[in-house]
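Participant: Based on these hints, arrange chain X with the ligands on the given structure of chain R.
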Amino acid sequence: MKSYDVVIIGGGPAGLAAAVAAKENGVDNILILERDKELGGILNQCIHNGFGLHTFKEELTGPEYAKRFITRVEELKIPYKLNTMVLEINKDKVVTAVNREDGLFTIQAKAIVLAMGCRERSRGALNIPGYRPAGIFSAGTAQRLVNMENYMPGKEVVILGSGDIGLIMARRMTLEGAKVKVVAEVLPYSGGLKRNIVQCLNDYGIPLKLSHTVVEIHGKERITGVTIAQVDENMKPIKGTEEYYSCDTLLLSVGLIPENELSRELGVELNPLTNGPVVNESLETSIEGVFACGNVLHVHDLVDYVSEEATNAGKNAARYVLEYHNKAASGNVVEIIPKNGIRYTVPSHINVERMDDILTIRFRVRDVYPDAYINVYFDDERVQHKKRRIMVPSEMEEVKIQKADLAARKELKTISIEVEKE
Amino acid sequence: MYDVVIIGAGVTGSAIARELSRYQVKACVIERQEDVCCGTSKANSAIIHAGFDAAHGSLMAKMNVAGNLMMDQLAKDLDIPFRRNGSLVICLSEEDKPKLVELYERGIANGVKELRLLNKEEVLELEPNLSDNVVGALYAPTGGIVCPFEMTLALAENANMNGIEFFFDTNVHNIVKDGNEYVIETNKGEYRTKYVVNAAGLYSDELHNMVSEHKIKITPRRGDYCLLDKTVGNYVDKTIFTVPGKYGKGVLVSPTIHGNLIVGPTAVDIEDKEAVATTQEGIEDLITKAKHMVKNLPIRQVITSFAGLRAHEAGHEFIIGEPEDAKGFIDAAGIESPGLSSAPAIGVTVAEMLRDKLGLELKKDFIPTRKGILDPSKLSMEERNKLIKEKPEYGNIICRCETVSEGEILDAIRRPLGAKSLDGIKRRTRAGMGRCQAGFCMPRSMEILSRELKIPMTQVTKSGGTSTIVTRRTK
Ligand SMILES: Cc1cc2nc3c(=O)[nH]c(=O)nc-3n(C[C@H](O)[C@H](O)[C@H](O)COP(=O)(O)OP(=O)(O)OC[C@H]3O[C@@H](n4cnc5c(N)ncnc54)[C@H](O)[C@@H]3O)c2cc1C
Ligand SMILES: Cc1cc2nc3c(=O)[nH]c(=O)nc-3n(C[C@H](O)[C@H](O)[C@H](O)COP(=O)(O)OP(=O)(O)OC[C@H]3O[C@@H](n4cnc5c(N)ncnc54)[C@H](O)[C@@H]3O)c2cc1C
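Top line first, the protein sequences correspond to chains R and X.
Residue 1 is where the first sequence starts when you use this note's numbering, and the numbers rise one by one after that.
Residue 1 is where the second sequence starts when you use this note's numbering, and the numbers rise one by one after that.
All the pointers check out, no bait thrown in.
Derived coverage of chain R by chain X (criterion: at least 3 residues anywhere in the stretch with Cβ under 8 angstroms from a Cβ of chain X; other residues may be distant):
no. : stretch
1   : 80-94
2   : 99-106
3   : 114-124
4   : 128-140
5   : 143-157
6   : 214-223
Below, computed lysine to aspartate or glutamate pairings styled on EDC-like, alpha-carbon distance capped at 16 angstroms:
no. : chain 1 : residue 1 : chain 2 : residue 2
7   : R       : K220      : X       : D272
8   : R       : K403      : R       : E353
9   : R       : K37       : X       : E447
If you're looking for bench data, these hints aren't it; they were derived computationally from the structure.
We put the CB at the ideal spot given by N, CA and C, even for glycine.
Just chain R, same shape as in the assembly (with noise of 0.2 angstroms):
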């Protein structure tokens, strides 16, 4: 069985730089597994502009993105296998994978970095009443039929949930001469990126219907239209406020779902909140020498802070391998937790010793809140409370911890985070 240093399931933006950090930390033996015939992730569909605005100050398109990375990888002379779907890890660190090559194969690795990305939710887990006709594709697929099979889905199109990539492809479809009729979505909020709204929608005067939802499909063989109606508080739909769209396809763009299948089977806990591993201050799961980062870890709306966070995680897994990272750390362990309004927060738990200089604790808001503060507690002392214009859920917020902070409180035993509205 061949061995690894480092091994890092996922080419996508996580992966890409988590290889490149552990290769600059000073580790040699990497290997990235990737199951798509290219590097890159999910990058390689999102052919529009906007992505490396803080990574490289400068707009890029995903796949220019994800090239710049890709280069990296390939200067650095670090071996990755394509086509290669891995199928199990188990808790020796053994990873099993298959592909037409190699066959069915095992390696070991010392250290293994979580880089899998994330799922659409599907239109089955929503539940939608009605025909299971052909016409009905999560976003996701769409963008991949239309931007890299060069296939259109349809003529006429109605979007259920405003996730960015049902924005994006809203705009797709237009320039491509379909017809978006509408975008609704149950929430009272948009789940996409403000800039995403204006740039995708309101610039093609597609209309967005929040606090609404599609109770019916119609349409036996291939979808006919859907029956769209508003909802209540309760997200249950208002009898009489049906109105009937025509449509040939339905796009779904209801929530990304980490992709933890891997995980869970190994044994890895999860955080229910996130869908993703429970981590600590390096990004290490709660079984010691795997590490997890990008959308595998918690959904991310911008790639930057994804190469970000992968850099890290892959700066840890190279000191984990290099065992000047001490592996027991006997520091003192602090809970982060998510109070009034916070929905989650990654990591879950630092260890102080271990703990970067600076740390940046990531985490969703439960609701939109305009002027509100965003609260730091070290037990129950508040350490900083900092104004927000406005905070949305759809747009993922952080602070930073100097370690200088914790060191100085011994006996510290949480760190918890809140809204406070004014």
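Facilitator: Positioned in the frame of chain R, the structure of chain X with the ligands alone reads:
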């Protein structure tokens, strides 16, 4: 000129075709859909019932018990996924207990073996996730679960291997008697035959009424289901029913043979024989009912919902045989639940009727077995690697959720009565049936179908007919 034309390629028609293929006979199956198993046989609970439910002395009871007994051999011969997981009819209130005893006694009378009545403790020990309100249960260890697609496909494929022709996309719109023969009129022309077998499921009344004055009427009785993710597939091990009682007729909660959890069905009589649309009320109803049966039903894990239509006949009995006024026309009509369980027995019964009437001789070269699509995950590492070396397509995973390789999909397309659509691939290999519901593999499977069938991508369909998936090339 045929000896026998069977109308309908559901489990009933396929079972009859397979049994008939033992004999020297010129026979075919006519199906209006693009594939085998597109009607009721594809959307049901997939239970091989033990046989305690049907009225004693009925044809239903007889066929069910006999069909159940045949399943082990059939599953072995035709490589059909089947497991006797056992059925439990639970009782949730003291006042309903007499009904359990009634079921038990009926089962014994019907000839069901190994039936036992269990008390509360015994039930909860078998199934700890059941509601604490359970007061007792009837346990039928002979109840089983099967893959209904694979069962129907296996029967049809084996019939085809043994010389029975299949014609798809062929809709029968009239049947007329011409002397001693029947002329079957379809959108693809006429078929002449000595005998007609009516296995048209929901439409069996229409066909029957074309030739007989003793009219029958089939009412579609819809059942909605939810299917849950494999992570909760072992929530129960046995198939759980409830005795009809306080909460009405009740639903079932069962593992499927592939390890998902199935919850349903409802029962609503409707008019439209094509209306397999699920409804909000139906889904809410079945969830409410299931919640009475098990603790903390993990309903968030639902991956899809679907509905099936029972071909309900007023007498609630199978109609098998020749109507008095239509010699040469053999009904297998009103085959509602337990139709799947009964299919093996119905197949033998109808084939033997035809044998006697036509004086058929056994075929010497009958092939009794059929191999299913090879599942590489069942091979040892060495065997699997040998396979991939010879056929690298087995190393190329197309469906990530169910881990289906290109090799399996090619097999599904190339074998007898092969797949012609995405749903055809799905029923044969499970590609697209997992938690992402084809989001990942759809473009990949489309490309394989286009290549193999030599059709443009714009003609690849989800399920035949007008169910195309993409309309044109991008600009
Ligand atoms: C449609 C869309 C539009 C977006 N638009 C923007 C935008 O405008 N601006 C922006 O900054 N960000 C955008 N994002 C966000 C950003 O692209 C993602 O957050 C980022 O791609 C996530 O990177 P990742 O590496 O975690 O996941 P992915 O890119 O999904 O990569 C995961 C990789 O792992 C592989 N993999 C998974 N399982 C296995 C396995 N078992 N074996 C082998 N390989 C496996 C996958 O094939 C994939 O290549 C968008 C995202 C999407 C989906
Ligand atoms: C909700 C539900 C749950 C069930 N659960 C179970 C269970 O757990 N166990 C069990 O044993 N049974 C169960 N059943 C019953 C079982 O599914 C059916 O009895 C069985 O599938 C019927 O098979 P069939 O071949 O008779 O009908 P179908 O599968 O409907 O086949 C009939 C075929 O005839 C074709 N056809 C119709 N008209 C024409 C025409 N004019 N020309 C050409 N072709 C035509 C149709 O296209 C169709 O393919 C259930 C049924 C339902 C609806």
